[in-house]
Amino acid sequence: MSSDTTPPDSDPKGQRRVHNMLKLYYGLNEEGKVADQAESLDPCDINGLHFDPDVYLNKLRKECSLGELMDHESCMVKQIRSLDSDMQTLVYENYNKFISATDTIRKMKNDFKKMEDEMDCLSANMTAITEFSARISGTLQDQHAQITKLSGVHTLLRKLQFLFELPARLNKCLELQAYAQAVSAHRRARCVLQQYSHMPSFRGIQDDCHVIMEQLAQQLRQKFRDGGSSAKDLSECVELLLQLDEPAEELCDKFLSHAQSRLEVDLQGLEAELKDSAVSDTGRGSVQKTSPGSNPVSPSSSSVNNPFLSPTAGTDILEFIDRGCNEFVSSLCLVIASYQELFINRPQEGEFASKNIPEMANGKLHVFVDTLAARYFSLVERRIQEEKGVSDNSLLVRALDRFHRRLQAISKLLPGSAVPSHGTEIVVRAARERIKQYLSALQTFYHDSLTDVRQALAAPRLAVGGASASGGGASSKDDTPSLPELLASLSNFILNQLKSVLASVHLFTAKDITFSNKPYFKGEFCSQGVREGLVVSFIKFICQSSRQYCESTGDRGGSTPPALLLLLSRLCLDYETSTISYILTLTDEQFLVQHHTPVTPVTALCAEAREAAQKLLNHYVKVQGLIISQMLRKSVETRDWVNTIEPRNVRAVMKRVVEDTTSIDVQVGLLYEEGVRKAHSSDSSKRTFSVYSSSRQQIRYAPSYTPSAPMDTNLLSNIHKLFSERIDIFSPVEFNKVSVLTGIIKISLKTFLECVRLRTFGRYGLQQIQVDCHYLQMYLWRFVSDENLVHFLLDEIVGSAAHRCLDPSPMEQSVIEVICERG
Amino acid sequence: MEDDAPVIYGLEFQARALTAQTAETDAIRFLVGTQSLKFDNQIHIIDFDDENNMINKSVLLHDAGEIWHINGSPADKAVLTTCYSKTSESRVLTCAAVWRMPPEWESGSHESPDDSSNNPQTLELLCHLDNTAHGSVACVLWEPMGDGKRLISLAENHVLLWDLQESSTKATISSSATLEGKGQLKFTTGKWSPHHNSTQLATANDTAIRGWDLRSMSQIYCIENAHGQLVRDLDFNPNKQYYLASCGDDCKVKFWDVRHINEPVKCLEEHSHWVWSVRYNHSHDQLLLTGSSDSRVILSNMVSISSEPFGHLVDDDDLSDNEESQQEDKGKEPLQDSIIATYEEHEDSVYAVEWSAADPWLFASLSYDGRLVINRVPRALKYRILL
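If you read the protein sequences in the order shown, they are chains A and B. FYI, full-length UniProt numbering numbers position 316 of the first sequence as 316, with every residue one higher than the one before it. FYI, full-length UniProt numbering numbers position 5 of the second sequence as 5, with every residue one higher than the one before it.
Check each hint, because a few of them may be wrong.
20 angstroms max Cα-Cα, derived PhoX-like pairs, lysine-lysine [to be verified]:
1. A:Lys412 with A:Lys364
2. A:Lys254 with A:Lys223
3. A:Lys634 with B:Lys186
4. A:Lys540 with A:Lys499
5. B:Lys186 with B:Lys86
6. A:Lys634 with B:Lys182
Since the hints were derived computationally from the structure, they do not count as laboratory data.
With the rest of the complex left out, here is chain B (with noise of 0.2 angstroms):
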């Protein structure tokens, strides 16, 4: 049960931006950004030493400003995008950009990990996904699964799909599409599905999600109050295609079937403030993580709105096996909507909360104070899924 206990790594800034490196399979990897407006903002590459329950950590100068928002490439980990905010003639603006890291920062970084502030090696930029007409952005996406060459970016209210070209060097808007209506309508986030062969996105402004087809750059669904107060963060289940989890100030998680969007297939309500961060597990996705400002994570099992509603299909062997022990598991199943776990190693607001997207039974989460936290999912249940 040792191996269960948190990892904690500490930073030096408060932060709020966390991504696990999409592209990196085989390492545990997150990169956290800093938020700091007095000092060089930075990008730490956190690596996780699984077996030693270790970890590694890299840092690379962000000197462009304090990130908001960081994304990491689906096809090439050592490409990330960043949200960060720059201050100019005592205006703040939210810009996003496309990053490099050095080729050399790993090496570097294990050589010598304690003079790594000292001399850290600096992001390579690729390009600027800056249109100041459109004004600061809110998020970046990245094409699930994609190769690397198309993102949206959410800046106000504009949805702007960019095309990479010239070795991501360069970024065009290939279209694009603004939400009009009254009031200052602004994106708060947004997610790519990774279904429809990534032609859909769903976006959050204020109380409303909104789906798009990007084809046609249109409007395909409008979910009105989906949150009784700002929408926070979405998810797409990776499993279930029409199935998407939201989260909001009203303190609620809500699963919605965007085919019937007047009511939610479901709702939790076990934050006592803002969810900030909604996550499905890559793979498993009864598995949901999400973190809130009342410092909290928590790791849901939802397995009614599951692809495997009713856990993995039990073999017929095993089954035979035990007779008397089958009359207990067939007590147990159909397995109950429940928490797993509540996490309570944070001390202030959780914005965010991440999968490792090479071990599917880890995932991270951060705080504001600048504090990373590794958690695993409990054994039992893990071995419950998969036996």
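So that you can see chain A by itself, here it is in the shape it has in the complex (with noise of 0.2 angstroms):
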């Protein structure tokens, strides 16, 4: 019974073992298990499989007491009969099983039986069936190859009776010229007529098709050539040209060259205008050669265009553009674009074509649109540089955008083409042109304001020196302008018109104009154009002009008026100080211009100016200096010191010369500052001037009487000098009047000392000198920063004359005052 539940093992420590290994390389040791394992090795269990009997009733006898082993015993025997029992239930179950399993077998036996019977007469039925199909197609055949022949027959008719038709069709084509219609069916023809020409009737027709095509072919070339068809009926005549088997090239030429006699109306026309223009606005012969064969259609199309302009005032630019644009380029851009889709844009299927056709129509293409567009442009090109008025620059820049614009249709029309960077060259070229222009005509501009200052200081040159001489500072207020209003209205004049064209030039960048946002016109044209070219430029003009006039007028001082030099100054120095950075600033401002270049920095600029006025206020020195020179240089050089009679007054050009000198002043003061003066009391002069004269002087010439020390005579004034600062008489000035007014003093002063020591003096002469000298000293003085100085070289022209007195004997101190109270 056990052996049953237990299943018989032949080497169950064989398979054990295999199956512990198994085990231990699959980690599955569980603990519990390999107890059992352990356990069922135990001999005394009674569920194990290596149980012995005799070991385990050793063991009980030997272990437990009868009652244990009577419990034992009888637990035993109940365990048997409940296994006994247990084993009778599952034979029994067994068997009823089995018993039903072969009553199944049994009916089905039977079942398959039947099936089979029927499954023969199907077959049966199967190949009587056959049988009969195949006789029915048997009897079919015939009829249906019959058929099939008919119908062949029937459609090659059709077809035969197409081609038997054609010739005339193709005739009532032509007639109703439907070539389209015609070329289509010819097409379809072709290739059987083609396969057939061998049999006589298949040629009749064949040559008939091919004389009607042949006419076709030709009233289709006659239409393309004539000029009147219509764009798309060309493009129309060009397609069945091309499927007649035209040579393509051949159309593209065709096509192209009609289309350039189109253009060639438009650009003469164009051309005409141009030397219409040309002749009305020079108002003398034309320039441009009229060739006799010149298109007669052209001048009486641009007459008929433009009926409402006076042919006088030419059209202006935007209307040449603006026809250039409607006429030419809108017909380019057409012809462009009607080629494109004719030979370039056809679809593969063209198996006629050979495969490179599209490249070389583009080429072709590209090679038109360039020649014809660059005639264009240099028309163009000519009339924008006709262009020579400032006045109205916003004409130009619409013009100029407005041509820009159009051609970038044909940029995207022809991508590749190089048109459109052409026209974005041009009109680069036409806005540095137009700097170039505003440049020169702010020069000229400067100039004529020049011009015009000039004459307005002729005339108040006298009325200023006749203001001061009756009454002294007080300008003259009449109807010429005074120095400070010409200065302020010559410098408005300057920066207004700067800021005009400013504004002019401004056009160029603006946001809706197409080209603005061209690199160029972002950062060269703002940064080297307009704030370099233009601003810079002009700036630069100013002081250059400025300096010339420094120069150019020559040593004689002659050619300038004194006042416009100072006025220049003035003008310069205002620059300096404030206006060039404001313009710059402005500039910038209004382009906003990044310099990605080195520009011109602003401090460069001033201390141009600065230089400028400087030179141009020492030049105004130097020339007024020269006036009263001369004049102190002819009093003395004229006259003969020694025979000179007693003096009893002033010499008149002394007189001159303070007038001249106060002139000076007014003038200078108009437009300088004072600037400071070393301290000074109101009358020192008189003071000081007679300490002078009368003890020092007497302690200068007392000496010199004795022969003893001959050498005394130059001993104070040598003192003077070594403490005195060395006097620089034609030294830089600043920007003040007092130091103004100092040097043109200093120069006349000390030209007088040098004429002085030329001559030889009587003692009148000498008497003479002393009291010009005391006339002098009684106004200049206040002209000067340093009075001393004054004194020193009068001091020194008073000495010199001594000293080049044959009969020293100076004049009393009273008496020369008294004269020059007396005027």
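With the hints as a guide, dock the two chains, each given alone in a separate frame, to form the complex.
Below, the structure is given as structure tokens:
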């Protein structure tokens, strides 16, 4: 029984070992199981595999008491009984199942038998059907072949009919001018005819067709050649001809040449307009040669197109460009578009055309467009060059904008074309040219305004002189403008002009202008063009021309009125202090200049302006000093100082000198600040001078009469010189009135001194010089920064005169004063 | 460097006339003529002892009048001319005369320098170059490098060419020319060109410079408005025959190529008042001396228009000697036109400057207050030019 529940194991040890190894390998080493197995090895385990009844019994017997044994025994019996009953139940159940299975198998056997019979019947039927079918198809075969043949003949006959009718149909098409239909019909028949051309009837048809098609092609070509047909007709023509195996290259050429002839007309129209305007603008004979064979249509067309324009006015550039755009550029675009439609963008189905047609056609198109555009550009450029007047820039900018905008269409149509970039170049060139024109216009304007100022100065100079002579300080407020007014107006004129020019130029960079976002207009145009080329150049030009005034006026000083020098100097100084930085800031703001390239810094310009101002002022001092010097020199050189009479008056020259100095003082005071002078009391002049004249002079002269000490004559003046600073006569002056006047007086007095030293004086000659010097002393001290300077120089003059005197007996100081007071 | 310090000599009188003793090539000697209306005028003979940096003076009396111009004979160092003013009948007239220094002036002055003023020797008059009809004489010019027989005097608007005969005791006018024109024309100064076989003369009147051919006594060129104002002095470049320097009241020094008279070759504007005197160095014509009434003397180095535009030719072995310094030299050359030095020793207007005839590196300048200053070309420059 137990052998039933526990399956027999032939080699339990070996199997278990394998089992264990597998278990080990898979890591399924469960403690419980191992313990089990170890337990199962126990021969005393009644349920174990190695159960040994003898050992078990022995063990029981050894270990257990009788009672226990009894219990054990009864328990064992009970277990055995229950196991027995279990086994019986199981056996019974199995038996039942076996019996039912046998029943089922028997039943199935019967069913299969029936089915086999039915299958046999079916196969017999099928054989019969096959037989019948074969018989039917055999009988029908003949008729089928006949029908097929008949239908083939029918088709053939229809085709033949088409062929026979073809010439007539083609003719009809030709009559109706339905070229497209004819061509498609002929195309269908062509291959067949070609194939059967050896048969005379077909050959006849083919020949007929050929003749007709030839005629048709002729007509098409004729139409193609005729100028009048529209672009659409033309393109249709081209398409048909292409289908008729016309060589594509030839067609391209023809198409283009045809288009060219039409565009030529446009161009000639433009050119004629250009000539017209040239004639009417210049007013003299046309510069361009009018070829006798020129198209007679063009001038009339231009006059027809612009009937509202008076011929003398000429068309303005906007109109010109407009016309160019509307006529030439748009037809060019049309031509390009249709050409591309015809030759380039054709789908590749055309097996009749070789593959390289688009390339070839494209190449031709580019050449065509380039040549025409070049001509157009040259015309436009000529027109732009004629645009010299700088009054209205907006027109030009708008024209250029339109020009540029329309060229974008071409660039869209013809992506690889160089035309738009050429167009941009033209615009850039025009802009550059414009800037140059503006610069020169500004320069002429500047010159003109200077001329105006000059003329204005010519009149008031007398007035100022008169005013100062009569009373002194007040400037003449008559109808003639005064110096400050002139300066203000000049400066305003220039600034306004510059601003308006900037505004005009600014149009080039306006947002709505198509070319304003080109890199040139964003960068170089602003910084190099406007800032450097226009503004900086202009400022430099002002400085430059100012400097020229200092040089070219020659040393005679006659050509430029000194007042102008003074005015310009002040102008340059104003530029240095404020105007330059203002203008440049304005420019930078307006044009948002980003300086990629180095630009002239404001400081450099300011330095230049300051230098110019300094130079001008120095020159002014020199010129004015020279004028006074000249008077003094003439007065000294032309007089016979030995035989002069006793002085009764101050010489008129000296009065003139004082007058002129006063008027210069007024003039300079109008434009320059007072400046600082060394402290002095208002009446110090007289006192110092009297000291100088009476006591000092006597000290100086007294020893000179004693022959023992000839050196003493020089002693005082030498000591004086030792302690006084060296006087630079023609030295740069500061930008204020006192400094300017000091410069002028220094120059004058030094000249006086040098002239005196070259002469020989008699007694009265010396006395006259004394009187003159005293007079100068009375009036000149107030103009200079350091009155000691005047004292010193006058001292020198009188001293030198005394030295050069044959009979030095100086005049009484009181007498001198009386004479001078008298005027 | 101590010998670069200027040597100053003071005269008692005011003076404008200065000349180097042209015929003297051994001693450094200058002649100064004084201007005084009240005292006897003198001619100071200034001997400069280069080694001891000392000045020895001798005084000769010139009692004819105050001296405006003085010039030494190129042939005989004892002979000189002066232009002096003479007052007669309350008229002042400038005359010219040829003088001979007394032979014993040298010994006499050296023995007793203290009492030279007490008993000065008098010049011996050889002849007058007088012709009252021609008016005041502005200057007298000796024939450069001549035999001391030919003179030119410029009087008012006349050019007079004199021949000295009978050992210079007699002067006759051999030819003359007169400048005609409107206004009162008056020569202010002139210069006899050492080139062209001494057949050319340049004169200045007012603002114009004129060239004369002495053979035909006719004008050969005229630079109108050479200066903005009066032309004060002229000098010929000793080495370049067509080059001429001029100076004037416009404070400028101008250089002319007389073949192209429309524009000056070069123009300097360094002085702050009239330039009274301009002198080329006799040997190195890039060195130019100018004196002005701004009391300054300026020594300029006009390399670009000199006959040695790139300095002295550098010897080849010099170059190979020091290769690296050669680079430096190359960097420096060509020398720029520049002011070498401004001398401010004078307190009054400088009316005359003159190079020494004996030592090409030495020059004298004279200011109105009678101060004579002797200076040298800076040593660095001297070596630069020489080496």
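Hint check:
1. The hinted pair formed by Lys412 (chain A) and Lys364 (chain A) meets the criterion: a straight-line CA distance of about 18 angstroms does not exceed 20 angstroms.
2. Taken as a hint, the Lys254 (chain A) and Lys223 (chain A) pair is honoured in the structure, with Cα atoms around 12 angstroms apart against an allowance of 20 angstroms.
3. Proximity of Lys634 (chain A) to Lys186 (chain B) is assessed by CA-CA distance (about 14 angstroms); at most 20 angstroms being required, the pair is judged to hold.
4. Using a Cα cut-off of 20 angstroms, the hinted pair Lys540 (chain A) and Lys499 (chain A) holds, with the two alpha carbons roughly 17 angstroms apart.
5. Straight-line distance between C-alpha atoms of Lys186 (chain B) and Lys86 (chain B) comes to about 19 angstroms, which keeps the hinted pair within the 20 angstroms bound.
6. A hinted pair counts as satisfied when its Cα atoms are at most 20 angstroms apart, and Lys634 (chain A) with Lys182 (chain B) qualifies at roughly 17 angstroms.
In this structure, every one of the numbered hints holds.
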